[in-house]
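There are 2 protein chains.
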Amino acid sequence: MKLTINQKDKNSKYHLILEAAVKVFARHGFYQSTVAEIAKEAGVADGTIYLYFKNKDDIIVQFFSYRTRQVFDRFRAEVAKAGNSLDRLRNLIRRHLAEFQRDRDMAIVYQVETHQYSRLAEEQIREMSQMYQDLVAEIVETGQQEGRIRKDLYVGLVKRFILGAVDEVINTWLHSDGKYDLVTMADPLVDLFIRGIGVVDKKEA
Amino acid sequence: MKLTINQKDKNSKYHLILEAAVKVFARHGFYQSTVAEIAKEAGVADGTIYLYFKNKDDIIVQFFSYRTRQVFDRFRAEVAKAGNSLDRLRNLIRRHLAEFQRDRDMAIVYQVETHQYSRLAEEQIREMSQMYQDLVAEIVETGQQEGRIRKDLYVGLVKRFILGAVDEVINTWLHSDGKYDLVTMADPLVDLFIRGIGVVDKKEA
Chain Y
1 MKLTINQKDK NSKYHLILEA AVKVFARHGF YQSTVAEIAK EAGVADGTIY LYFKNKDDII
61 VQFFSYRTRQ VFDRFRAEVA KAGNSLDRLR NLIRRHLAEF QRDRDMAIVY QVETHQYSRL
121 AEEQIREMSQ MYQDLVAEIV ETGQQEGRIR KDLYVGLVKR FILGAVDEVI NTWLHSDGKY
181 DLVTMADPLV DLFIRGIGVV DKKEA
Chain C
206 MKLTINQKDK NSKYHLILEA AVKVFARHGF YQSTVAEIAK EAGVADGTIY LYFKNKDDII
266 VQFFSYRTRQ VFDRFRAEVA KAGNSLDRLR NLIRRHLAEF QRDRDMAIVY QVETHQYSRL
326 AEEQIREMSQ MYQDLVAEIV ETGQQEGRIR KDLYVGLVKR FILGAVDEVI NTWLHSDGKY
386 DLVTMADPLV DLFIRGIGVV DKKEA
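One line per chain: the protein sequences are Y and C, in this order.
In this text, residue positions in the first sequence follow our numbering: the first is 1, and each later residue adds one.
In this text, residue positions in the second sequence follow our numbering: the first is 206, and each later residue adds one.
In case anyone wonders, no lab produced these hints; they're calculated from the structure.
A few of these clues could be false.
[Unchecked claim] Below, a list of computed lysine-lysine pairs in the DSS-like style, where the Cα atoms sit at most 30 Å apart: (1) Lys54(Y) - Lys23(Y); (2) Lys56(Y) - Lys261(C); (3) Lys56(Y) - Lys228(C); (4) Lys384(C) - Lys228(C); (5) Lys356(C) - Lys286(C); (6) Lys356(C) - Lys151(Y); (7) Lys286(C) - Lys261(C); (8) Lys23(Y) - Lys286(C); (9) Lys54(Y) - Lys13(Y); (10) Lys151(Y) - Lys384(C); (11) Lys245(C) - Lys259(C); (12) Lys228(C) - Lys259(C); (13) Lys356(C) - Lys179(Y); (14) Lys218(C) - Lys245(C); (15) Lys261(C) - Lys218(C); (16) Lys40(Y) - Lys56(Y); (17) Lys261(C) - Lys228(C); (18) Lys228(C) - Lys218(C).
[What the hints assert, rightly or not] A few chain C residues facing chain Y, derived, Cβ under 7 Å: (19) Gly234; (20) Leu256; (21) Val266; (22) Asp310; (23) Met311; (24) Ile313; (25) Glu351; (26) Tyr359; (27) Val360; (28) Gly361; (29) Leu362; (30) Gly369; (31) Gly403.
Every residue gets a Cβ at the ideal spot worked out from N, C-alpha and C, and that includes glycine.
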């Protein structure tokens, strides 16, 4: 029995299994998790998993495809609400932190898997990273046209600079057992992106 | 047979095994690697490994302790060479990128292990991260006294902002198969840290 993407979207068991899998992966790590544990967490028979997924590897690959689409729809909606490039950047970072805070299991699985060297969901992660970088590049380029963002920037580096700093802030929060409100970090972080840490030399400005 | 740290330092087999282990972990990932493969890579008998290490987990823990000390000695030496806080930051970031470029296997193992949720070398990673953050904090605080770095910063966030951006630049380089010179990224990255991406408003400056 093979399901097409459209059939899968309509099928609540498919999503149920994905959400259960992420809980199990977050708890035990991907390699130590078993399909049996995922089935138990989802409340389905082991065999049901194999109606939707080839194996454990396929579950993590499908999870990245599914969740990326979902999260990016939200990112784009927030970005579209802002009136200028600096507010668009602010809305993106706020939503980014909010999504990870809201779903801690996803945050754990995402942080671990994206930093693997041999990644199971290699193609999905590349696509996701590309989507994020495209969104940042679009904001930066509009900001340059608006005269709000410096024109002498290497945009390829700016994208990694922003993604890396946000990831680290999320990673620190995860390892702190989420004791503080992650989203309160968004505005100070955006201020660092925009103004940097240096004192402005008035003669140069 | 138990060795003390001092005896270990003098023992070249201990270091030989650590370096071999990192090669094997980088190639196959930690979980899929075996002590037998490490022994083969190091050119020693399997039993020799157990003279120095309790098990595979102990190897990665010891690796982090050993390499952290080594790399931080170099960081501090570079930082000490600079005459002001902005150059100290520049020297730190240059050396950071240079160390990872020089030892790609270490870079792979470091990036993967530091982003695990359940980390084997938890204590060593916390200590390493603390040492890095202390070094950045020291540079930032001196810069504030010198009038080169803004006083209205949340230093706790600045440290993560810098570490995260550098890590992401290294991670992107690793996943690109190291096709470009990582160290050339240091100066543009430091420029982003110091000046940010925003256009300076002359009225405010």
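Tested hints:
no. : hint                  : result
1   : Lys54(Y) - Lys23(Y)   : holds, 19 Å
2   : Lys56(Y) - Lys261(C)  : holds, 25 Å
3   : Lys56(Y) - Lys228(C)  : holds, 27 Å
4   : Lys384(C) - Lys228(C) : holds, 20 Å
5   : Lys356(C) - Lys286(C) : holds, 24 Å
6   : Lys356(C) - Lys151(Y) : holds, 26 Å
7   : Lys286(C) - Lys261(C) : violated, 39 Å
8   : Lys23(Y) - Lys286(C)  : violated, 48 Å
9   : Lys54(Y) - Lys13(Y)   : holds, 15 Å
10  : Lys151(Y) - Lys384(C) : holds, 26 Å
11  : Lys245(C) - Lys259(C) : holds, 18 Å
12  : Lys228(C) - Lys259(C) : holds, 19 Å
13  : Lys356(C) - Lys179(Y) : holds, 27 Å
14  : Lys218(C) - Lys245(C) : holds, 13 Å
15  : Lys261(C) - Lys218(C) : holds, 16 Å
16  : Lys40(Y) - Lys56(Y)   : holds, 14 Å
17  : Lys261(C) - Lys228(C) : holds, 14 Å
18  : Lys228(C) - Lys218(C) : holds, 15 Å
19  : Gly234                : holds, 6 Å
20  : Leu256                : violated, 28 Å
21  : Val266                : violated, 17 Å
22  : Asp310                : violated, 10 Å
23  : Met311                : violated, 12 Å
24  : Ile313                : holds, 5 Å
25  : Glu351                : violated, 9 Å
26  : Tyr359                : holds, 5 Å
27  : Val360                : violated, 10 Å
28  : Gly361                : violated, 9 Å
29  : Leu362                : holds, 5 Å
30  : Gly369                : holds, 2 Å
31  : Gly403                : holds, 4 Å
Violated hints for the displayed structure, listed by number in ascending order: 7, 8, 20, 21, 22, 23, 25, 27 and 28.
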